[in-house]
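S.K.: Sequence:
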Amino acid sequence: MDQLVTKGAKRGSPNKVLYELTRMNSDLKKAQVCIIGISNDLEFKENLDPRVLSSLSEEEMVFPPYKATELLDILRQREKMGFHPDVIADGTIEIVAALAAREHGDARRAINLLRVAGELAEREGDEQVSESHVRRAQTLIERDTISDALKTLPLQSKLALYSIYLLEKIMKYRFKKKIPANFSS
Numbered sequence: 001m002d003q004l005v006t007k008g009a010k011r012g013s014p015n016k017v018l019y020e021l022t023r024m025n026s027d028l029k030k031a032q033v034c035i036i037g038i039s040n041d042l043e044f045k046e047n048l049d050p051r052v053l054s055s056l057s058e059e060e061m062v063f064p065p066y067k068a069t070e071l072l073d074i075l076r077q078r079e080k081m082g083f084h085p086d087v088i089a090d091g092t093i094e095i096v097a098a099l100a101a102r103e104h105g106d107a108r109r110a111i112n113l114l115r116v117a118g119e120l121a122e123r124e125g126d127e128q129v130s131e132s133h134v135r136r137a138q139t140l141i142e143r144d145t146i147s148d149a150l151k152t153l154p155l156q157s158k159l160a161l162y163s164i165y166l167l168e169k170i171m172k173y174r175f176k177k178k179i180p181a182n183f184s185s
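Numbering (my numbering), first residue to last: 1 to 185.
Treat the hints with caution; some may be incorrect.
To be verified - Below, computed lysine to any residue pairings styled on SDA-like, alpha-carbon distance capped at 25 angstroms:
1. K67 x S130
2. K172 x Q138
3. K67 x P50
4. K80 x K45
5. K169 x S130
6. K169 x L155
7. K151 x S132
8. K176 x Y165
Since the hints were made in silico from the structure, they are not lab data.
Every value quoted in this text rests on a predicted model; they were computed, and no experiment measured them.
With these hints in hand, go ahead and build the complete structure from the sequences.
M.R.: Structure representation (C-alpha cells):
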C-alpha cells in the first residue's frame with residue numbers, strides 16, 4: 001500500500017487506483033474483488049481521500065514487532081535457504097535476532113543484516129560468518145540509511161545541518177586552544 005500511494009503521488013493522484021479498485025465490484029457480474037493491503041506506515045489512512053476511506057470498509061490489524069525468538073526461527077529458515085551448512089558460526093544467528101529485536105523487530109531488516117554480514121565474510125574470504133561480520137554489517141547498513149536520508153533532505157535542511165557541523169568544529173577548536181568565545185580574529 002505504501003508503494004501504491006507513493007507511486008500514485010508521483011503521478012499526481014495517489015488515491016485514484018484505490019478508488020477504482022474499491023468501485024470495481026459494482027461493475028463486475030461474476031466475480032468480487034477483495035483488497036488486502038499492508039502498510040508499515042501507521043498514519044497511512046490519513047493520506048487517503050475521504051471517498052476512498054468510505055468505500056474501503058477496511059478492517060485494520062496492527063502487527064506487533066517480532067520478538068527475538070520469532071526472528072530466530074525466521075532467520076534459521078533463511079539460513080538453510082541462503083547459506084551452505086556450517087557457514088554461519090555458532091551464536092551468529094542469535095546475535096542477528098537479538099539486535100534486530102532490540103532495534104526494530106522487522107524480519108526483512110533482520111534478513112538483510114544477515115545477508116550483508118554474509119557478503120562481508122565472502123568478500124573478505126572468510127569461511128564463516130561471525131559476530132564481527134554482523135557488527136560491521138550493522139554499521140554499514142546504518143551508514144547507508146543515514147546517507148540515503150540526508151540525500152533526500154531539501155537544500156535548506158542540508159544547509160542547516162552543515163551550519164551545525166561547522167559550529168561544532170569551531171567550538172571544538174576553541175575548546176582545544178582555550179580561545180574565549182568573545183575573541184574575534
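S.K.: Next step is simple, just say for each hint if it's right about the structure.
M.R.: Here is how each hint holds up against the structure:
no., hint, result
1, K67 x S130, "holds (22 angstroms)"
2, K172 x Q138, "violated (29 angstroms)"
3, K67 x P50, "violated (36 angstroms)"
4, K80 x K45, "violated (38 angstroms)"
5, K169 x S130, "violated (37 angstroms)"
6, K169 x L155, "holds (21 angstroms)"
7, K151 x S132, "violated (29 angstroms)"
8, K176 x Y165, "holds (17 angstroms)"
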